[in-house]
Amino acid sequence: MNLPEIIVALVLGIGFGFALNKAGLTQYHKIVNVFRFTDLAVLKFMMTALIVGMADLFGMNALGLITLPTPPQTYIVGNLLGGLIFGVGMAGVGI
Amino acid sequence: MKHIIAYIQKDEWSPYVAGILLGLVGILVAVASNVFGDPGIALGASGSFESLFGGLTQWVAPDWVAKDVYFRAVRLPGITWEVVMLLGILIGGALGAISSRTWKLRRMPEKQWAGAFGQSRITRWVLVFLGAIILEYGAGIAGGCTSGLAIWGGLQLAPAAFLFMGGMFASGILTALIVYRRKY
Numbered sequence: 001m002n003l004p005e006i007i008v009a010l011v012l013g014i015g016f017g018f019a020l021n022k023a024g025l026t027q028y029h030k031i032v033n034v035f036r037f038t039d040l041a042v043l044k045f046m047m048t049a050l051i052v053g054m055a056d057l058f059g060m061n062a063l064g065l066i067t068l069p070t071p072p073q074t075y076i077v078g079n080l081l082g083g084l085i086f087g088v089g090m091a092g093v094g095i
Numbered sequence: 001m002k003h004i005i006a007y008i009q010k011d012e013w014s015p016y017v018a019g020i021l022l023g024l025v026g027i028l029v030a031v032a033s034n035v036f037g038d039p040g041i042a043l044g045a046s047g048s049f050e051s052l053f054g055g056l057t058q059w060v061a062p063d064w065v066a067k068d069v070y071f072r073a074v075r076l077p078g079i080t081w082e083v084v085m086l087l088g089i090l091i092g093g094a095l096g097a098i099s100s101r102t103w104k105l106r107r108m109p110e111k112q113w114a115g116a117f118g119q120s121r122i123t124r125w126v127l128v129f130l131g132a133i134i135l136e137y138g139a140g141i142a143g144g145c146t147s148g149l150a151i152w153g154g155l156q157l158a159p160a161a162f163l164f165m166g167g168m169f170a171s172g173i174l175t176a177l178i179v180y181r182r183k184y
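Chains D and S, in that order, give the protein sequences. Heads up: the first sequence runs through residues 1 to 95, numbered per this note's numbering. Heads up: the second sequence runs through residues 1 to 184, numbered per this note's numbering.
The set of hints was computed from the structure by calculation and includes no laboratory data. Computed from a prediction, not measured in an experiment: that's the story for all the values here. Heads up, some of the hints might be wrong.
Simulated pairs of lysine to aspartate or glutamate, DMTMM-like, Cα-Cα distance not exceeding 25 angstroms [to be verified]:
#, chain 1, residue 1, chain 2, residue 2
1, S, 10, D, 39
2, D, 44, S, 11
3, D, 44, D, 56
4, S, 183, D, 39
5, S, 104, S, 11
6, S, 2, S, 12
7, S, 67, S, 136
8, S, 111, S, 12
9, S, 183, S, 63
10, D, 44, S, 12
11, S, 111, S, 38
12, S, 67, S, 38
13, D, 44, S, 38
14, S, 111, D, 39
15, S, 10, S, 136
16, S, 104, S, 12
17, D, 44, S, 110
Listed next, with one range per pair, are the computed distances between beta-carbon atoms [stated by the list, open to error]:
#, chain 1, residue 1, chain 2, residue 2, range
18, S, 117, D, 7, 35 to 43 angstroms
19, D, 59, S, 130, 25 to 33 angstroms
20, D, 7, S, 70, 40 to 48 angstroms
21, S, 102, D, 58, 49 to 57 angstroms
22, S, 8, D, 95, 38 to 46 angstroms
23, D, 38, S, 10, 19 to 27 angstroms
24, S, 114, D, 3, 45 to 53 angstroms
25, D, 76, S, 6, 30 to 38 angstroms
26, D, 3, S, 16, 30 to 38 angstroms
27, D, 59, S, 68, 20 to 28 angstroms
28, S, 7, D, 59, 23 to 31 angstroms
29, S, 129, D, 62, 45 to 53 angstroms
30, S, 11, D, 95, 35 to 43 angstroms
Some residues of chain S that are not near chain D, with every Cβ distance over 10 angstroms (derived) [to be verified]:
#, residue
31, 16
32, 28
33, 53
34, 58
35, 66
36, 68
37, 119
Even for Gly, the Cβ is constructed at its ideal location relative to N, Cα and C.
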């Protein structure tokens, strides 16, 4: 990694952390309550980010401004099993 | 302008506004991957723990890391894009708390935890440690976490992201049901 790439990674990371903090997702009750259906902030936050990102990415790609990055690999059993294990940790202790 | 500054200083934003900010960060990550051409560029966090482990192990057992399939094909060892991004996430989270003047060191969650698990700080720390191991293990199998797989993969419409989200919510709901039982 060269210096410009490190700076960009750091700045975008700061933006990500800032958004997480302001959405309240750095707190135990916010994470757990989405699984109890009493506070859907996590879902609202994630889905908004997905819609904004998707529309921009595919819109810019259609205009020829950007090439699509390599998406994460799909291997059905692994993705699903990993998600099932992940959810236990996430809902159990709220991280 | 005054209103914007006042909103930035608020402790908690509407999740939609924060989500828009994350979506914009996501698209800038995609732009960065175009500009730098580094295949390791992603909006992720969990992979950095594996990369850091690989980087540290390289000092002790360089042959083992060089031969290991995981460190050759899945996550590169050392300081990768995700490691720097994780550092940024920590700084950004701190800046968010400082901007709303809610920055302070907390040893326990302020709300709800004590009602479900009791006041003990040791219980909290042991459970968080174990929970984090489970979470990172799951992320390792799935190929990412809520950010690197669900959000970054999802905004590229990768099927993996939606399989992961399905699994995560299914077991998460069940876990919360067990933890909170009658109070669910």
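Going straight from one Cα to the other, do residue 44 (chain D) and residue 110 (chain S) come out at no more than 25 angstroms? holds (23 angstroms)
Given the hinted pair residue 111 (chain S) and residue 38 (chain S), is their Cα-Cα distance within 25 angstroms? violated (41 angstroms)
Residue 58 (chain S) remote from chain D - nearest C-beta pair above 10 angstroms: holds (16 angstroms)
Within 25 angstroms, alpha carbon to alpha carbon, are residue 44 (chain D) and residue 56 (chain D)? Holds: residue 44 (chain D) and residue 56 (chain D) sit about 18 angstroms apart, inside 25 angstroms.
Cβ separation check - residue 16 (chain S) to all of chain D, threshold 10 angstroms: violated (5 angstroms)
Report holds if the minimum CB distance from residue 28 (chain S) to chain D is greater than 10 angstroms, and violated otherwise. Violated, because the least Cβ-Cβ distance between residue 28 (chain S) and chain D comes to about 6 angstroms, which does not exceed 10 angstroms.
Straight-line alpha-carbon gap residue 104 (chain S) to residue 11 (chain S), limit 25 angstroms: With a Cα-Cα distance of about 13 angstroms, the restraint between residue 104 (chain S) and residue 11 (chain S) holds, given a limit of 25 angstroms.
Residue 111 (chain S) and residue 39 (chain D) were given as a pair; does the straight-line alpha-carbon distance stay at or below 25 angstroms? holds (13 angstroms)
With a cut-off of 25 angstroms on the C-alpha distance, tell me whether residue 44 (chain D) and residue 11 (chain S) pass. holds (18 angstroms)
Do the alpha carbons of residue 67 (chain S) and residue 136 (chain S) lie within 25 angstroms of each other, as the hint requires? Judged against 25 angstroms, a Cα distance of about 23 angstroms means the pair holds.
Are the Cα positions of residue 183 (chain S) and residue 39 (chain D) separated by 25 angstroms at most? holds (15 angstroms)
So does residue 7 (chain D) sit 40 to 48 angstroms from residue 70 (chain S), Cβ to Cβ? Hint violated: Cβ distance 29 angstroms, outside 40 to 48 angstroms.
This entry does not satisfy hints 9, 11, 13, 15, 19, 20, 21, 22, 25, 27, 30, 31, 32, going by the numbered hints stated previously.
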